[in-house]
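> Take the sequences, apply the hints, and build the full model.
Number of protein chains: 2
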Amino acid sequence: MNSRRRGILTVISGFSGSGKGTVTRELISRYKDNYWLSVSATTRQAREGEAHGVHYFFVSDERFKEMIAQDEFLEYAEFVSHSYGTPRKSVEEHLAAGQDVILEIEQQGAFQVKKAMPEAILIFLVPPSIEELERRLRGRGTETEAQIRARLEQAAVESEYMELFDYLIVNDQVDHCVEDIHHLIRTEGSRTYYMKEKMIDLQEGLQAYRKEA
Amino acid sequence: MNSRRRGILTVISGFSGSGKGTVTRELISRYKDNYWLSVSATTRQAREGEAHGVHYFFVSDERFKEMIAQDEFLEYAEFVSHSYGTPRKSVEEHLAAGQDVILEIEQQGAFQVKKAMPEAILIFLVPPSIEELERRLRGRGTETEAQIRARLEQAAVESEYMELFDYLIVNDQVDHCVEDIHHLIRTEGSRTYYMKEKMIDLQEGLQAYRKEA
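So the sequences go chain by chain: S and G. Sequential numbering of the first sequence, starting at 54, is according to this note's numbering. Sequential numbering of the second sequence, starting at 54, is according to this note's numbering.
Derived by calculation from the structure, the hints in this document are not laboratory data. What you were told as hints is all true, and nothing was included just to trick you.
The list that follows gives simulated cross-link-like pairs (lysine-lysine, DSSO-like), each with its CA atoms no further than 30 Å apart: (1) Lys-167/S with Lys-264/G; (2) Lys-264/S with Lys-168/G; (3) Lys-249/G with Lys-167/S.
Derived DEER-like restraints, expressed as beta-carbon distance ranges: (4) Glu-250/G with His-105/S: 42 to 52 Å; (5) Glu-185/S with Glu-115/G: 54 to 64 Å; (6) His-105/S with Glu-232/G: 38 to 48 Å; (7) Ala-122/S with Glu-172/G: 40 to 50 Å.
All residues carry an ideal CB built from backbone N, CA and C; glycine is no exception.
Rendered as structure tokens:
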């Protein structure tokens, strides 16, 4: 890898219940020197154990609206109860410094990122089967049957747009899934897009062998 | 990996002296169940130990011209002394059967393949530095200084087109380089382009959760 290259932006998305949160946390914890996880802004209240600037930037509704107005979000989503968004500036600073950045966001947000930064890698995480997805959602034991049904209806909608992602990763075992994503990002670093410095070095080294026009 | 998917076509190219032949042979020998190496047609004479249909298909000038006329080549190149070409049919048959195919060919041929099959992965192998490239070319001990210079002049020309490849792989150690290419092709298998069957399975599984329009 060329240390001077621009960082790679990877978006991890997936169905509710696909395990994208677990996989992202494990990726970051296993390869903490490789990746920087973007911290989202949200208008919801901090829960027990959540720290401002670590888990989220907790902001007021007013401040969130102001951030939208000033184009401070790379992507954002407004829901009835609260909103979430990815601050653009910190992502761009880390990429410019050559750090690989991870965003864990919803499907619509992933498409907003791709539009703003076409070089971003979009990964969609899926369970091995829908039966397994149902098992995982029910296994949480924290939601009503109606809430689970709403999540599955949302998955049905999202399943229509999976092909707009670059990669589809089946989360069968968290461990394998994390390694697949890590290899995928390492591989992306070998794209000629990220190897410009190396190409220039080689072209310069071959200068003496250029035939005169 | 979905065993029913179409095979992945990977083109390995690189400067003369980049080690593409060694890397390709090692990749095929290490992962013989994963890859099928395309056999080229050539008009040159078979050398000691070369078998028809194994190392090359040895054909007459007349037959080669006929193959061009009948569009039987995926790519080909005609030189003063002899010609080389990749028969299209066997490549397409292996891909259709879900086998991953490797072509080891020159730069111009790589671009012909990309034009015919845009989903092909183009890999360009380079040495760590031009000093190392010179060392490797001289180290062979089989060529005159004029022949070595001609190869470096050819590399200078090819270096202008490296960015048209998908990936640039630095061949520092054959072992690492082979693993990089193997991971790269495995990663490619997770592209949504190759995951259509899985996406259809998931969409069908979610059918029951579709809201009526």
